[in-house]
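Chemist: Mind assembling these two chains? They're in different frames, but the hints should get you there.
Protein chains in written order, with the working numbering: chain A, 939 to 1086; chain B, 970 to 1061.
Treat the hints with care, since some could be wrong.
[Said to hold, decoys possible] For the chain A half of the interface with chain B, some residues (derived, Cβ under 7 Å), not all of them:
{"id": "1", "residue": "L986"}
{"id": "2", "residue": "H990"}
{"id": "3", "residue": "G991"}
{"id": "4", "residue": "Y993"}
{"id": "5", "residue": "I996"}
{"id": "6", "residue": "S997"}
{"id": "7", "residue": "F1002"}
{"id": "8", "residue": "H1004"}
{"id": "9", "residue": "R1013"}
{"id": "10", "residue": "L1050"}
{"id": "11", "residue": "I1053"}
{"id": "12", "residue": "G1054"}
{"id": "13", "residue": "F1060"}
{"id": "14", "residue": "N1061"}
The hints are simulated quantities; they were obtained by calculation from the structure and are not laboratory data. A quick note: this is a predicted structure, and the numbers were derived from the prediction, not measured. Even for Gly, the Cβ is constructed at its ideal location relative to N, Cα and C.
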Amino acid sequence: MPLPPLPDDAVVLGTSASSWRDALRVAGGALVTSGATTEPYTDAMIGLVEEHGPYIVISPGLAFAHARPGPAVLRDGLAVVTLASPVVFGHPHNDPVQVVLGLAVAGVGAHLESIGEIANLFNDPTVTGRLAAATSADEVRTIMGASA
Amino acid sequence: MKIVTICGAGIGASGILKVNAEKALTALGLTASVVAADVASVRKVSDDANVILTSQEFVEAIGDTYAEVIVIRNHFDQGEITAAVDRALGEH
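Just chain B, same shape as in the assembly (with noise of 0.2 Å):
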């Protein structure tokens, strides 16, 4: 499985959701690989991506993609990432 985190730099934001997105998958013991990358990028790393992790101004430019796109609102709220990708990623 495949988490891909979008941003407009792909430092910063997505570096902190590709953190806090590891975190989650362990939490969850969930395994995935978790990618973070620049919106000009975002076709390139998520072709294969089961989720796509970003902030709200991120979502049209993503576009029409396979992977589940989740808005993050606040990017530190370990509750708020682990919630997403469980509920992306997590049997249920």
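Chain A on its own, in the form it takes in the complex (with noise of 0.2 Å):
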């Protein structure tokens, strides 16, 4: 299975976020207006990290938001946020972050693909900068090899 699908309502460029916290709304909010998700989600990534600390930062750059399936999923989704200002999480090296990539799965397992796919994207280490700079949903969808 390739990513799930990026819709124009799923990319949000340029947005202005004061807090870690805001910059994963914005991310939750994409996965909802996209059809991905409902609200319930969006509370449910952040509380991983209120739970568990900035580890969703796992690249430099790079906050990598998502929580368990469950009814708050509606289906398999992505949401990709840049930041216009890059936003401190809190992680020991990897932080300020410049792009919030939101993941929604509607279930374990069959999900590994897309994880695959995503990790064969950013074992690129330009993706995240080139992502930054994007201007377009067109051409965040051509760097990540995403379909609307």
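Modeler: The following block contains the structure:
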């Protein structure tokens, strides 16, 4: 399975966020607006960071926001948010965050194929910077190899 | 041999580590099972693990274990992950 779809509603470029919570709210909102999740999923994404810390900043400049599958996931979904000014999440090595990648998966198991695609994509260390500089949803989709 | 990858939900960060650890094993010519799990399941899944790959945030919660716990800084840095797997499981 390729990446989940990335419609225009799931791409938010150059947004202003004053905190990591704000940044995750924008990513969660993009998943809701694009029809992948409902509001409680956003709260769950924030809850994981409140519980465990900023571990979702898994590479320099990139936060990988997600929560568990559940009733708040309507379908597999992806969201890309770029920040006008980088935001500190409190990660010891990978701060500040320029790009938030949001992921919703409807079930565990099949999701590993999407995860594999994401891993292959971001193994290229230029991808986060190219996404941060993107100026249109089409450009983001081209960089990621995603469809609308 | 068994590698366990740990994160908060057992889906995202640990999924990335699982995929990249499997690529590392292939590159090194090693064979091991790789299991991704959330930190709440760490006792259950890692009692027979040789290595645990995770983020700094989970080291304390993982606690005492026979497995070698290795912190990965950049989950997308294949070089960092391959070096960690080689150090832990490779023949030296």
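Chemist: The structure should be examined with respect to each hint, and the outcome stated for every one.
Modeler: These are the hints, each one checked on the structure:
Checking L986 of chain A against chain B: minimum C-beta separation of about 5 Å stays under 7 Å; hint holds. Nearest Cβ of chain B to the Cβ of H990 of chain A: about 4 Å, under the 7 Å cut. The hint holds. At about 4 Å, the closest approach between the beta carbon of G991 of chain A and any beta carbon in chain B falls short of 7 Å, and the interface hint on this residue holds. Hint on Y993 of chain A holds. Least Cβ distance to chain B is approximately 4 Å, under the 7 Å limit.
Interface hint status for I996 of chain A: upheld, as the beta-carbon distance to the closest one in chain B is roughly 4 Å, under 7 Å. Because the beta carbon of S997 of chain A sits about 4 Å from the nearest beta carbon in chain B, less than 7 Å, this interface hint is met. With a least beta-carbon distance of about 5 Å to chain B, the hint placing F1002 of chain A at the interface is held under the 7 Å criterion. For H1004 of chain A, the shortest C-beta to C-beta distance to chain B is roughly 4 Å, which falls under 7 Å, so the interface hint holds.
Below 7 Å, beta-carbon pairs count as interface contacts, and R1013 of chain A has none with chain B, the closest being about 16 Å; its hint is therefore violated. Satisfaction of the interface hint for L1050 of chain A is found here, the shortest Cβ-Cβ separation to chain B being roughly 6 Å, below the 7 Å cut-off. With a least beta-carbon distance of about 4 Å to chain B, the hint placing I1053 of chain A at the interface is held under the 7 Å criterion. Interface hint at G1054 of chain A: satisfied, since its Cβ lies 5 Å from the closest Cβ of chain B, which is below the 7 Å cut-off.
At a threshold of 7 Å, the smallest CB-CB gap from F1060 of chain A to chain B is about 4 Å, leaving the interface hint in force. Against a cut-off of 7 Å between C-beta atoms, the interface hint on N1061 of chain A holds, since the closest Cβ of chain B lies about 5 Å away.
Consistency note: the structure conflicts with earlier hint 9 alone.
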